[in-house]
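Colleague: The listed protein sequences derive, respectively, from chains G and C.
For the first sequence, my numbering gives the first residue as 6, with consecutive numbering after it.
For the second sequence, my numbering gives the first residue as 6, with consecutive numbering after it.
Be careful, since some hints might not be right.
Listed next, with one range per pair, are the computed distances between beta-carbon atoms [as the list claims (entries may be wrong)]: (1) C:Gly141 x G:Asn633: 53 to 61 Å; (2) G:Leu639 x C:Glu101: 34 to 42 Å; (3) G:Asp527 x C:Asp109: 48 to 56 Å; (4) G:Arg628 x C:Lys136: 41 to 49 Å.
Short, incomplete list of chain C residues facing chain G, as computed with Cβ under 8 Å [stated by the list, open to error]: (5) Lys18; (6) Thr37; (7) Gln68; (8) Ala121.
Straight line, CA to CA, 25 Å or less: simulated PhoX-like cross-link-like pairs of lysine-lysine [to be verified]: (9) G:Lys146 x G:Lys587; (10) G:Lys495 x G:Lys406; (11) G:Lys297 x G:Lys308; (12) G:Lys77 x C:Lys136; (13) G:Lys77 x C:Lys128; (14) G:Lys113 x C:Lys128; (15) C:Lys125 x G:Lys551.
None of these hints come from the bench; they were simulated from the model.
These numbers were taken from a predicted model, which means no experiment stands behind them.
The C-beta atom is built at its ideal place from N, Cα and C for all residues, glycine as well.
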Amino acid sequence: MAKIGVFVCQCGNNIARTVDTADVAEKTGELSGVAHVEDYKFMCSAPGQEMFKKAIKDNNLDGCIVSACSPKMHEATFRKAAEDAGLNPFKVEIANIREQCSWVHDDKEIATAKSKDITKMMVNRLKYNRPLERYKMPVTKRALIIGGGIAGIQAALDLANAQIPVSIVEREPSLGGNMARLSETFPTLDCSQCILTPRMVEVSNHPLISIHSYAELEKLDGYIGNFRATIRLKAKSVIEKDCTGCGECWEKCPFTVENEFDMGLSKRSVIYIPFPQAVPTVPVIDRENCPKFIKDKCGLCAKVCGQQCIDFTQQDRVIEEEFGAVIVATGFKLMPNVYKEYGGYRPPHMTPKKLTAKIRKTLPRSTAGRLVDVINGLEFERLASASGPTGGEIRRPSDGKVPETVVFIACVGSRDCNKGVEYCSKICCMYTAKHTMLYQHNVHHGKSYVFYMDIRAGGKGYEEFINRAQSENANYVRGRVSRLSKKGDKILVKGADTFTGHALEIEADMVVLATAMVPQEDAMGVAKNLGISYDQHGFFSEQHPKLMPVDSSTGGIYLAGACQGVKDIPETVAQASAAASKVMQLFSREELEREPEVAIVDEKNCMNCWDCVTVCPYNAIDRTEITNRQGQFLKWAAKVNPGLCQGCGLCNTVCRSKSIELEGYTDQQVYAQITAFEGAFV
Amino acid sequence: MSKKITRHDFEPKIMAFVCKWCTYSGADLAGTSRMDYSPNVRMVRLPCSGRIDPQFLIKAFEQGVDGVIVSGCHPGDCHYNEGNYYARRRNLAFRELLDFHGIDLARLEFSWISAAEAIKWTKVIDVFTDKIRELGQHREYADMTDPYAHYLVKEAA
């Protein structure tokens, strides 16, 4: 016979006002299995909890019901108290008679009857609660960071400085990401590379950080604290440990292709480092375009290399590493193909990469029927950058002339779901203001126009920055541009000024579009690979938009930077540090504790239909062989990995033989709760 | 302002199977906001609407419950990513089964209620209670027994 204690809380007057708690306690005491009842003013107070513990010890109770507020409030409190008193915490249940009874009903008679009913249902349920033990799992104290942009760099440094070994997986040959492309940063106009490259060097010199550049994550198995990552290290065709980064090979290489780092505005050699300050300073051979790999000709780089470190036979290497936590920092790209509304222009970096050895090495660029002088924000950054294709002089891509009139168009592709995405791309107002300033500083007599919808400059020093841009000769026009067309060697911009109500035509030498930030095109593939969720745009979803903004939907995987949503650099860095501190929190313990409310399998009854494997959203269920003591195979059965199981219970519902059960919400418990419902109304 | 509860000749028994992340929290919010709704409902708290087995509903009907509410997170908001989609499909299939057996489908209500929709929760409960009150007592399932559930629910030793 069960010995259950029932503790009815008056919650001051909150419950007692509409519920006759003494009556509830008395009636519940008559139920079979109830050995002890209490009616107390504040169960959650220190004396209330002491009384709770004492009652458990004195009466040797094997289960407790606390009829009080919502389990969200004090379930943990009373489970902890029960543990202190020597009772298994999972033998404590809360009957919610405050939020769902006393606070929503005025009639004392009815509320009392309903409270009795709720308590009775929980008492009946409790009889089938099993004592559960929390799972303990070891933690591998190594972190994996996917993406080597500013978010990945910041997180890696934070973790490594806390003595946690880190691996960075970066797809490109160098760290740096999109921030390395920027010329200067708002709102202080300090040079982006000047603040980024020291950090890149710090990463490369840190003994606890290993960089896997030119590599991709193929697979991630396991669960929080115990991940196993399969990483493909693409063949660089260069022996990394011997290379000194002297530059002989890329200087001598006779073949060039469009430089992706410069957004296609310049050419790079086929063996290359993306930019001069690249980390690691080890070149890679672009095998798609190298004639050595296409038709087995050339091989000049191998001849000029003093260290003999060019290896054309190198193969991709696949390595497996163990990690305890993962930070995803895959970043963003600018929305491609937003140009349709402006006359069928195709952005240059969308042209297929081909072996174009004959194409001239720098500007001007071929004009095959496009408005070449319509560029996007990142392309402008490259033009303005001292390390860019023009050496920091602003020249237009078509003929290399200094543009006298530049039109900037904000909100291209953003804030309009018919022309792109619905969200505000957030950083465009700021970087367009920055662009006007960079342009004015570069071309003193130049004229700049900004077509904008609204100015959104919420941030420290941001509004001041916009005001500064507006006072430095930039003409801000509130309105949209309807069409861009060619007029001689100029671009005719047709738009409207909605303040004056007039249509506007500007003959511009160059047009800069502030295109929307979107996730990387393979973001959804990455999300599926990692088992995290993403929103309709492909940004990774956080666990809770306000209270858990860096946790992904999967335990042990954290998000940093623009892969989670549009962000500027300070926000990205802040989120990266937050993600790093989450990892430190996880690694601060030797063992992870996990709530035991997970599914368990009755292997005897399992009949191998694998429905549970199909429905499990977390891939937590595996197939396992059941053997006898001699090791002979008996049968297959499902097996739940308690580290991965989140306790949703989908498997329990679909199981045909009812051999998989969700602890804490078993069929027995639910049936017991249902059958105790008498509907006693008055 | 709270409503005056009027007593009726017939008070239906209503059972709600809800997920703990959305609807249960929504009902808690109704309490915290001191809203007022019909007291006929009893809740069974489950981790996810996908955990709701149609057999629970059968058991509830067998127990003499006059109406059943199934509720979880809105599509796309499931805490477990996809649990509520299973709940939705299961509901469609189960309704057909109920229909086949000649049970009035009005006795089974399915709705999405998020943790913020306390007002929707009170509305669903009030409207559903009134509807069931008009339909009257539910007897179709009263004599049916589910041997498995019967076997499970023995008096605890």
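Colleague: Decide, hint by hint, whether the structure agrees.
Modeller: Status of the hints after comparison with the structure:
no.	hint	verdict
1	C:Gly141 x G:Asn633: 53 to 61 Å	holds (58 Å)
2	G:Leu639 x C:Glu101: 34 to 42 Å	holds (39 Å)
3	G:Asp527 x C:Asp109: 48 to 56 Å	holds (51 Å)
4	G:Arg628 x C:Lys136: 41 to 49 Å	holds (47 Å)
5	Lys18	holds (3 Å)
6	Thr37	holds (6 Å)
7	Gln68	holds (6 Å)
8	Ala121	violated (12 Å)
9	G:Lys146 x G:Lys587	holds (13 Å)
10	G:Lys495 x G:Lys406	holds (11 Å)
11	G:Lys297 x G:Lys308	holds (13 Å)
12	G:Lys77 x C:Lys136	violated (31 Å)
13	G:Lys77 x C:Lys128	holds (23 Å)
14	G:Lys113 x C:Lys128	holds (22 Å)
15	C:Lys125 x G:Lys551	holds (23 Å)
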